[in-house]
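Visitor: Each chain, letter by letter, is given below.
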Amino acid sequence: MVAIKVENLVKKFNGFVAIDYISFEVKKGELFGLLGPNGAGKTTTINILSTLLKQTSGYAEVAGYDISKDKNNVRKSIGIVFQEPALDNKLTGKENLEFHAMMYGMGKEERRRRIKEVLELVELRDKGDVLVENYSGGMKRRLEIARGLIHRPKVLFLDEPTLGLDAQTRRHIWEYIKKLNKEEGVTIILTTHYMEEADFLCDRIAIIDHGKIIAMDTPERLKDKLGGDIITFEVEKDSDKFMNEINKLDFVKSVKKHNSKLTIMVEQGEKRIPELIDMAQKNGVKVKSVSLHKPSLEDVFLHFTGKTIREQEAGQKERVRKSMRRFGR
Amino acid sequence: MINKTAIYVLWLREMKRFLRAKSRVIGTLAMPLFFLAFLGLGFGNMNIPGMGKVDYIHFLVPGIVGMGMLFTSMFSGISVLWDREFGFLKEIMVAPVNRVSIVIGRIAGGATTSVLQGILILGISVLMGFKITNISALLFSIVFMLLISCTFIGLGLIFASKMRDIQGFQLIMQFIVFPLFFLSGALFPLENLPVWLRHISSIDPLTYGVDGLRGVLIGISYFSIGFDFLVLAGFSILMVFLGAYFFEKSESV
Ligand SMILES: Nc1ncnc2c1ncn2[C@@H]1O[C@H](COP(=O)(O)OP(=O)(O)OP(=O)(O)O)[C@@H](O)[C@H]1O
Ligand SMILES: [Mg+2]
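Read top to bottom, the protein sequences are chains A and B.
For the first sequence, position 70 (counting from the first letter as 1) is numbered 70 according to the numbering used here, and the numbering increases by one without interruption.
For the second sequence, position 90 (counting from the first letter as 1) is numbered 90 according to the numbering used here, and the numbering increases by one without interruption.
This is chain A alone, in the form it adopts within the complex (with noise of 0.2 Å):
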């Protein structure tokens, strides 16, 4: 069963391509992924399914529904955390899930009980009247949680549901997840730039970068398509013959070259390093340090976009900086 089709959806801001004809298929029970830096492109891919942005071209399916022909039925199957918070300050926990259940057409009797669970789910029992500007940041974002919640959803989006919570915290919400995932059986589509979380908490990962996606797949899958292990040479002076040499022996997969660093996929890594030094030193090349690792979802993002995911949100930053200048702001 599919939960959510994406077909060559595309979103244009003033002519900038947001969203650069993605298509995906989410499964029923699923816990999918969108992993990406910042800008590129999940937030609006959510606002699109979701139904607060029209999307410019290309065809989505939530729950079975058209997003841009069935919007109540889309609204109706979802619950959706925003990135940014949502909750209104001058009023309490209890009030701002209240509201919510109104809003969904929930009866009298079934609001009382179920709010009464979602605060117990994320532990707000005890903080239900209290105003919401009183919150802590992680407070906010567990009522949010449990107000995504109330309605039972069939599909739920949480977009960046741990950005800037402490590391704590963050364990707590990744268990909410799971939990909800495993128990509730809700299909849940979440966005991070967190590595560890997309790592831990998904079943497949879409890694989204400048509006296309161009990796796709569980993450162990994304792990071992590197193949084997990684061993990292720091090395000084010019490398590139070095490279091209041991770009030929057999048992080496790749090489990259990412500034100062090469980035090496062996099959039995550990074996392998002497034979590489050696290698290094006939070549003249002076090798400073050396490392040795399984293949995180860090190195994939590095694989497949030639830079790490720090780097791409430094770009972005810049970019972000220009165009603001650019309109004045």
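Honestly, the hints are just simulated from the structure, not real lab data.
Glycine included, every Cβ here is placed at the ideal spot set by N, Cα and C.
Among the hints, a few may not be true.
Unchecked claim - Taking CB as the label site, the calculated pair distances span:
id : chain 1 : residue 1 : chain 2 : residue 2 : range
1  : A       : Lys12     : B       : Asn98     : 46 to 52 Å
2  : B       : Arg99     : A       : Val10     : 56 to 62 Å
3  : B       : Ile26     : A       : Lys71     : 40 to 46 Å
4  : B       : Gln167    : A       : Glu298    : 50 to 56 Å
5  : B       : Ile2      : A       : Glu298    : 48 to 54 Å
6  : B       : Phe178    : A       : Asp66     : 46 to 52 Å
7  : B       : Trp82     : A       : Gly64     : 42 to 48 Å
8  : A       : Arg112    : B       : Ile2      : 24 to 30 Å
9  : B       : Asn98     : A       : Gly227    : 49 to 55 Å
10 : A       : Asp66     : B       : Ile2      : 23 to 29 Å
To be verified - DSS-like cross-link-like pairs, simulated, lysine-lysine; straight-line CA separation at most 27 Å:
id : chain 1 : residue 1 : chain 2 : residue 2
11 : A       : Lys5      : A       : Lys223
12 : A       : Lys116    : B       : Lys249
13 : A       : Lys94     : B       : Lys4
14 : A       : Lys286    : A       : Lys257
15 : A       : Lys27     : A       : Lys71
16 : A       : Lys94     : B       : Lys16
17 : A       : Lys69     : B       : Lys249
Once you have looked at the hints, place chain B with the ligands on chain A.
Guide: Here is chain B with the ligands on its own, set in the frame of chain A:
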């Protein structure tokens, strides 16, 4: 089509926010009351032509009530921008509720709080010596207050839908709200304006609101009360319709 629960809960939210925002209420009441106190006292004994036989404070009170309605209603319409700024608009817009009900709920809430403030201004005026002759005058004045309120919430919604952020709010206050107020004849009789200005006044909805309030409260009006009612009702339907239209078309993210 119309979702009564949604309208009710949107209205309820406005009520709760209103009752909790004491400083906002005092803030919006302060200006009309200052106008009333200083102008009323300052011009109290002056004989201004075109006012008939009432004293200035009686002439002024309906104008100040109209002013209060104008300010609170515009603010209420524009406050959609604050909801956008604080993200709550997304929570409203993603709910399975048709846009018409959302607009009605918003207007119902805004109109209730505005009219409450109008009645409060009227009550304080009574303490300051303003005489209300009968109960029906009070009831009719509430009808006019409601119409003024709907008109300007509608106008506020139009602006809110066309603006991206709250930066332009001050501009709207300076270049729209104050001129609407001064042109309405709230402070002086329209007869005293030059003809060309009177033409501009005649397209200001508040002119008919203030004139109608004067008609029902002190029995003096430039137009007939029925005419004021019809024109103002026309304006309010138009503005609510346009406000809803632009709100529906604007994007919430
Ligand atoms: N309303 C808008 N008008 C113009 N451009 C927009 C608008 N919304 C988003 N964009 C642009 O579209 C691109 C994608 O933005 P989006 O918010 O979807 O990124 P994201 O992946 O969610 O990033 P982040 O991790 O920062 O939340 C960005 O370059 C952004 O500047
Ligand atoms: Mg985002």
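Visitor: Hint by hint, say whether it matches the structure.
Guide: Comparing the hints with the structure gives:
1. Distance hint check: the CB atoms of A/Lys12 and B/Asn98 are about 28 Å apart, inconsistent with the given range 46 to 52 Å.
2. Evaluation of the 56 to 62 Å hint for B/Arg99 and A/Val10 yields a failure: the beta carbon distance comes to about 25 Å.
3. Separation of B/Ile26 from A/Lys71 is about 41 Å and conforms to the stated range, judged on CB atoms against 40 to 46 Å.
4. B/Gln167 and A/Glu298 have their C-beta atoms about 40 Å apart, which leaves the hinted 50 to 56 Å range violated.
5. Between B/Ile2 and A/Glu298 the Cβ separation comes to about 52 Å, which falls inside the hinted range of 48 to 54 Å.
6. For B/Phe178 and A/Asp66, the Cβ-Cβ distance of about 48 Å falls inside the hinted range of 46 to 52 Å, so the restraint holds.
7. Distance hint check: the CB atoms of B/Trp82 and A/Gly64 are about 36 Å apart, inconsistent with the given range 42 to 48 Å.
8. At about 25 Å, the beta-carbon gap between A/Arg112 and B/Ile2 stays in the expected band of 24 to 30 Å.
9. Under the hint 49 to 55 Å, the C-beta atoms of B/Asn98 and A/Gly227, about 54 Å apart, fit the expected range.
10. Hint check: A/Asp66 to B/Ile2, Cβ distance near 24 Å, so the stated range 23 to 29 Å holds.
11. Annotation: proposed proximity of A/Lys5 to A/Lys223 holds, straight-line Cα distance about 25 Å (limit 27 Å).
12. For the proposed pair A/Lys116 and B/Lys249, the alpha carbon gap of about 37 Å is over 27 Å, so the pair is violated.
13. A threshold of 27 Å between alpha carbons decides the hint, and for A/Lys94 with B/Lys4 the separation of about 21 Å falls inside it, so the pair holds.
14. Pair hint A/Lys286 plus A/Lys257 holds up; C-alpha atoms about 15 Å apart against a cutoff of 27 Å.
15. With a C-alpha separation of about 20 Å, the suggested pair A/Lys27 and A/Lys71 falls inside the 27 Å cut-off, and the hint holds.
16. Of the pairs offered as hints, the one joining A/Lys94 and B/Lys16 holds, with about 13 Å between alpha carbons and a cut-off of 27 Å not exceeded.
17. A threshold of 27 Å between alpha carbons decides the hint, and for A/Lys69 with B/Lys249 the separation of about 16 Å falls inside it, so the pair holds.
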